[in-house]
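Protein chains in written order, with this note's numbering: chain R, 1 to 252; chain D, 1 to 252.
In case anyone wonders, no lab produced these hints; they're calculated from the structure.
These figures come from a predicted structure and were not determined experimentally.
Heads up, some of the hints might be wrong.
One copy or two, either will do: identical chains are not told apart, so a pair holds if it fits within one copy or between any two.
[To be verified] SDA-like mimics (lysine to any residue), calculated; alpha carbons at most 20 Å apart, straight line:
no., residue 1, residue 2
1, K197, I82
2, K26, P208
3, K26, P154
4, K26, L240
5, K197, D117
6, K197, Y109
7, K26, F210
8, K26, T167
9, K197, R51
Protein chains: 2
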Amino acid sequence: MTDERIWTAALVVIGDEILSGRTQDKNIAQLATWLNVQGIRLVEVRVVPDREAAIVEAVNTLRARNDYLFTTGGIGPTHDDITVDAIAAALGVPVVEHPDALAVLERHYETRGGLTDARRRMARVPAGATLIENRVSGAPGIRVGNIFIMAGVPHITAGMLDWLTGTLEGGRPVVSATIGCWVAESEVAELLRATEKAHEGVAIGSYPFFRDGRTGANFVVRSPDAALVDRCIADLTAALEADGREVTAEGI
Amino acid sequence: MTDERIWTAALVVIGDEILSGRTQDKNIAQLATWLNVQGIRLVEVRVVPDREAAIVEAVNTLRARNDYLFTTGGIGPTHDDITVDAIAAALGVPVVEHPDALAVLERHYETRGGLTDARRRMARVPAGATLIENRVSGAPGIRVGNIFIMAGVPHITAGMLDWLTGTLEGGRPVVSATIGCWVAESEVAELLRATEKAHEGVAIGSYPFFRDGRTGANFVVRSPDAALVDRCIADLTAALEADGREVTAEGI
Chain R
1 MTDERIWTAA
11 LVVIGDEILS
21 GRTQDKNIAQ
31 LATWLNVQGI
41 RLVEVRVVPD
51 REAAIVEAVN
61 TLRARNDYLF
71 TTGGIGPTHD
81 DITVDAIAAA
91 LGVPVVEHPD
101 ALAVLERHYE
111 TRGGLTDARR
121 RMARVPAGAT
131 LIENRVSGAP
141 GIRVGNIFIM
151 AGVPHITAGM
161 LDWLTGTLEG
171 GRPVVSATIG
181 CWVAESEVAE
191 LLRATEKAHE
201 GVAIGSYPFF
211 RDGRTGANFV
221 VRSPDAALVD
231 RCIADLTAAL
241 EADGREVTAE
251 GI
Chain D
1 MTDERIWTAA
11 LVVIGDEILS
21 GRTQDKNIAQ
31 LATWLNVQGI
41 RLVEVRVVPD
51 REAAIVEAVN
61 TLRARNDYLF
71 TTGGIGPTHD
81 DITVDAIAAA
91 LGVPVVEHPD
101 ALAVLERHYE
111 TRGGLTDARR
121 RMARVPAGAT
131 LIENRVSGAP
141 GIRVGNIFIM
151 AGVPHITAGM
161 LDWLTGTLEG
171 GRPVVSATIG
181 CWVAESEVAE
191 LLRATEKAHE
201 GVAIGSYPFF
211 RDGRTGANFV
221 VRSPDAALVD
231 RCIADLTAAL
241 EADGREVTAE
251 GI
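Bound conformation, chain R alone (with noise of 0.2 Å):
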């Protein structure tokens, strides 16, 4: 069990919009979610802004010490779209024209008041790099060496992770399984200790909540072992209801 390779990935969020407050994320849990799926864990996320020297900093750190990276944002025709000359710059490679981004761009924009200058510039890659499947509006996005380069709009991003489905080399997927409790947290969290640690290989998650006036926690168990996730549900579940409390199968 724990020899077991552990794929994991890192996400960059590209954006002046995200630290500005102005949009909310989603693409952090959306990209965690379809990881989970490869059986590749999301470890690190970097919210940069639009500028190359942060990007450059955190690609450059995070495609070194992870199997996968993944950036959101930045890919777009206008003057703010920076993502790609940044990553190139990271790898130290020039930036090219792509013949088959030009292609899908020339195509997608016929009948779009066709290909100015502007909507060119997202056929350019980092050299040496292929492209990933955009099924919702027109421009590519970029794979180059471990490097995933995404858009920022989330279900433009949804179409490319669905396209990439299945391609990915990963390891087990983390399973995890969820009961929950009317419960202040701080009541059973000997109990939650005690559980972890006779169960190796599994990690316990404590969220707790307060709705309706009162309050309440959910448990989550994780492990990539799912008859392990099992167990340790099964003896939290009893150790709980032995301890006086009842307990809600999926959480609450």
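Given the coordinates of chain R, work out where chain D should sit on it, guided by the hints.
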């Protein structure tokens, strides 16, 4: 203008639940918006797992290069709440029990079953810390040096930010204004670039969307200089209208 001191902040979001996709982060946007009003710019965010080494690395990098560092998450009573210990390790100071925090918790739990060992853990702080009032639930936030340790639950952090309002030194708040157009951003990319260039000290962001079967974009002009923002918005509006576009004030 360009010599103006810019006050910066970073945020470390701590929690496996964000990296697993289970929980949608709300604290980035909430903190960003609050910081803007304080005249402080959020310039980098990292999301890290509930693992001490990862927290220490992020905290030490970001506290050194920013005026302020905020963390959210991991300050509850359960075994997965390791933020206080990790930040004390990052600072190289011991963890101590804060007498005022203990008094707050004793009072809070007086009518809620009393202060258990698990609950008492929430009185632990890195040595040298002061408290941030928590008006919503029991356990206070913590300030130590330029680090502000906040809750993971967004409405609890909201209350802590409210309590901190006006207490942090900052510069001029960044002012922003938005206009919208039913246009593909790629059709006006050159116009946006030229307008930004003509107004030194502003950043223009372009945020495309697809709604009701139509393509549009909002253009956001940002600067600490409110008069400059107004001039830039006026000039951008005039340029778009001269280009035959209908402009919606305040954005679409």
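Hint-by-hint comparison with the structure:
{"no.": "1", "hint": "K197 - I82", "verdict": "between (47 Å within a copy, 16 Å between copies)"}
{"no.": "2", "hint": "K26 - P208", "verdict": "between (22 Å within a copy, 16 Å between copies)"}
{"no.": "3", "hint": "K26 - P154", "verdict": "both (6 Å within a copy, 16 Å between copies)"}
{"no.": "4", "hint": "K26 - L240", "verdict": "neither (35 Å within a copy, 30 Å between copies)"}
{"no.": "5", "hint": "K197 - D117", "verdict": "between (60 Å within a copy, 18 Å between copies)"}
{"no.": "6", "hint": "K197 - Y109", "verdict": "neither (58 Å within a copy, 28 Å between copies)"}
{"no.": "7", "hint": "K26 - F210", "verdict": "between (24 Å within a copy, 16 Å between copies)"}
{"no.": "8", "hint": "K26 - T167", "verdict": "neither (23 Å within a copy, 31 Å between copies)"}
{"no.": "9", "hint": "K197 - R51", "verdict": "between (44 Å within a copy, 16 Å between copies)"}
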